[in-house]
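S.K.: If you read the protein sequences in the order shown, they are chains C and W. Counting in the working numbering, the first sequence tops out at residue 64, every number present. Counting in the working numbering, the second sequence tops out at residue 275, every number present.
Don't read these hints as lab results, they were simulated from the structure. Be careful, since some hints might not be right.
Unchecked claim - If you want the footprint, here are the derived chain W segments under chain C, 3+ residues with CB under 8 Å: (1) 97-104; (2) 210-222.
As the list claims (entries may be wrong) - Far from chain C by the CB rule (all over 10 Å, computed), these chain W residues: (3) Glu-74; (4) Arg-142; (5) Asp-181; (6) Leu-187; (7) Glu-189; (8) Gly-206; (9) Thr-226.
All C-beta atoms, glycine included, are put in the ideal place defined by N, C-alpha and C.
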Amino acid sequence: MVKVNGKNVDIAGKTLSAYLATTNYDCKRIAVERNGDIIPRTQYEETILAEGDVIEVVSFVGGG
Amino acid sequence: MVPEQNALLEALQQRHGRELQERFTAATVAICGLGGLGSHIATALARAGIGRLILIDFDQVDITNLHRQQYKVTQIGRCKTEALAENLLEMAPYLELELHCIRITEENVEELLQRADIICEALDEPEAKAMLTNRVLEKLPGKYLIAASGMAGMGSVNAIQTRRITERFYLCGDGTSDVSEGMGLVAPRVMLCAAHQAHTALRILAKEYEV
Numbered sequence: 001m002v003k004v005n006g007k008n009v010d011i012a013g014k015t016l017s018a019y020l021a022t023t024n025y026d027c028k029r030i031a032v033e034r035n036g037d038i039i040p041r042t043q044y045e046e047t048i049l050a051e052g053d054v055i056e057v058v059s060f061v062g063g064g
Numbered sequence: 065m066v067p068e069q070n071a072l073l074e075a076l077q078q079r080h081g082r083e084l085q086e087r088f089t090a091a092t093v094a095i096c097g098l099g100g101l102g103s104h105i106a107t108a109l110a111r112a113g114i115g116r117l118i119l120i121d122f123d124q125v126d127i128t129n130l131h132r133q134q135y136k137v138t139q140i141g142r143c144k145t146e147a148l149a150e151n152l153l154e155m156a157p158y159l160e161l162e163l164h165c166i167r168i169t170e171e172n173v174e175e176l177l178q179r180a181d182i183i184c185e186a187l188d189e190p191e192a193k194a195m196l197t198n199r200v201l202e203k204l205p206g207k208y209l210i211a212a213s214g215m216a217g218m219g220s221v222n223a224i225q226t227r228r229i230t231e232r233f234y235l236c237g238d239g240t241s242d243v244s245e246g247m248g249l250v251a252p253r254v255m256l257c258a259a260h261q262a263h264t265a266l267r268i269l270a271k272e273y274e275v
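Chain W extracted, bound-state conformation (with noise of 0.2 Å):
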C-alpha cells in the first residue's frame, strides 16, 4: 500500500529536518540525458524528496544500457523518460515530472530548461556537454549548472572530484577519462560521478556552494 503524501513528507523531514525538507521539495531540478549518470542523478534526488524533476532524453533503453542504468529487462525498447518515470514514481509517488523525449538542442534549451532552479547535464557526446554547457551560462544566467566530464574506466574512485568554476557552474568527474578510450562506462564509477551531481544539487540548496 502506498503511504499517505504526509507520511511520507514527516520520514523525509525527520531525516533532512524540516527546512531544508522544504527547500528540495520546492525545487525544480532539470536532468538533461537520463544513462548512467542522469538515470542516478534522478534516483538518488527523487528519493531525497526533491519536489519537481524534469526529464529529458530522445533515446531508448537498450540491453547495452543495463549495467549501468536505472532500468529493468522489462523495460527495453521503451522511451527512458517514460521507464524512469516509472521506477521513480515507484520509490517516490508525490514526485511531480515533466518529460520530455527529445534531442537537446541549441534551440530548445531555454524552452526546456526556464523552469528548473539547477540543471544536471547528463548527455553522453563531449560536443552535446559542451553546447549544453554554452547555451545555459549565456542565456539562462539565474541557473545553476552541475555538468560531468571524465568518469570512464577502471580509474581511481578518488579521482573523482567536483570543482566550482563559476560562481554558479559546477563540474564533477577526473576531467580526462573518455568513454571512446580504453574500457567504456563501469557502473559504480559512473554512480559516483552522479552522486557527485546530485550531493552538489541538494547542497545548493542548502545553500553550502563551496566544494
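The following block holds chain C by itself, in its conformation from the complex (with noise of 0.2 Å):
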C-alpha cells in the first residue's frame, strides 16, 4: 500500500505518472511530495512507488 494525503491506495509498482493519469489531478497545477522529498516534474516517469511510501500530492487552484 501506498499512502496519498492520508489515504491508503494500491499503486506500489506503479509509477507516479500511470498513478496521476487514473486521477483528475492536472499535473500543471500540482507539486507531489515523497516521503517529504518533492519529485522533480521530470522525473513522474521514471519513479516508480514503493509499498509504504508516503505522497503527498498538493494541487494548486487559484486566486491570491
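Given two chains presented individually in distinct reference frames, assemble the corresponding complex, making use of the accompanying hints.
M.R.: Structure follows, in C-alpha cells:
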C-alpha cells in the first residue's frame, strides 16, 4: 500500500505518472512530495512508487 | 516627522523582545506576487520589522484591485512593486527593499530568490503557483516556502488553515475555493490567508516550526 494524502491506495510498483493518469489531477497545477522530498516534474515517468511510500499531492487552485 | 531608526527599533524590541526582533531585522523575505495576498503579507512583515523584503510582480495597479489590495486610487496605473514600496516605506521607513517588476518564470526563479531566507508564494494562476513551488523545492532546497491555495469566495473563515507539507514547505488556505468558480476574492478572507502566510514566516524566524 502507498499512502496518498493520508489514504491507503493499492499502487505500489506503479510509476507516479501512471497513478496520476488514473486521477483528476491536472499535472500543470500540482507538486508531489514523496517521504518528505519533492519529486521533480521531469521524473514523474521514472518514479516507481514503493510499498510504504507516503505521497502528498498538492493541487493548487487559483486566487491570490 | 519621521522617527530615528533607533527609536523605531526600540519600539519593535519592546513588542517582540530584543532577541526575536534581531532575527526579524536580520531576515530577508521574498514575496512573489503583490495582489491580495502579497500586498498584505508585505504590509504585515514591514510592520513587524523584517529587515529586507524582495517584492516581485509584473503587473500595474488596476481599479479592480482596490477592493482587496493595499493600494490607493492615486496609484492606479503604477507598477505594483513601486506603489507598494511607497506605501510600505510610510509605515517602515528603514525597511530595505529589492523590487523586481518582472514575471516569475522557471528560468529566473533561482536568480530572483537566492538571497531570500523565506519565500512567500502569492501568485494568482494555479499553474504559476505550482511552477514556483516545484522550482523552489527542487532548486533552492535550503529555503522555506510558504504557499497559498484556496481563499476565494464567502466560505467560512475557519476553513483557512496552515499545513506543514514537508520540513520546509507550508501551505495556507482552504485548498479548494477556486477564484475561477463562484464569486472571486473577498478582502477579509484573502487578508486572512495572507495573515497565515505572514505569521508563519515570523514563526519560522522564531524557530517555531510546527503549525
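S.K.: Are the hints correct? Go through all of them and say.
M.R.: Do the hints match the structure? See the list:
For the region 97-104 of chain W, the stated coverage by chain C holds: 5 residues have a C-beta nearer than 8 Å to a C-beta of that chain, and at least 3 were required. Residues of the region 210-222 of chain W lying with their CB closer than 8 Å to a CB of chain C number 6, which satisfies the three-residue condition for coverage. Listed as outside the interface, Glu-74 (chain W) is consistent with that label: its C-beta sits roughly 35 Å from the nearest C-beta of chain C, beyond the 10 Å cut-off. No Cβ of chain C approaches the Cβ of Arg-142 (chain W) within 10 Å, the least distance being about 20 Å, so the stated non-interface status holds.
The beta carbon of Asp-181 (chain W) sits about 19 Å from the closest Cβ of chain C, which is more than 10 Å, so the claim that it is off the interface holds. Taking the minimum C-beta to C-beta distance to chain C, about 5 Å, the non-interface status of Leu-187 (chain W) is violated against the 10 Å cut. Not every CB of chain C lies more than 10 Å from the CB of Glu-189 (chain W), the least distance being 6 Å, so the non-interface label is violated. For Gly-206 (chain W), the condition that its CB be more than 10 Å from all CB atoms of chain C holds, with the nearest at approximately 13 Å.
Taking the minimum C-beta to C-beta distance to chain C, about 13 Å, the non-interface status of Thr-226 (chain W) holds against the 10 Å cut.
Hints 6, 7 from the earlier list are contradicted by this structure; the remaining hints agree with it.
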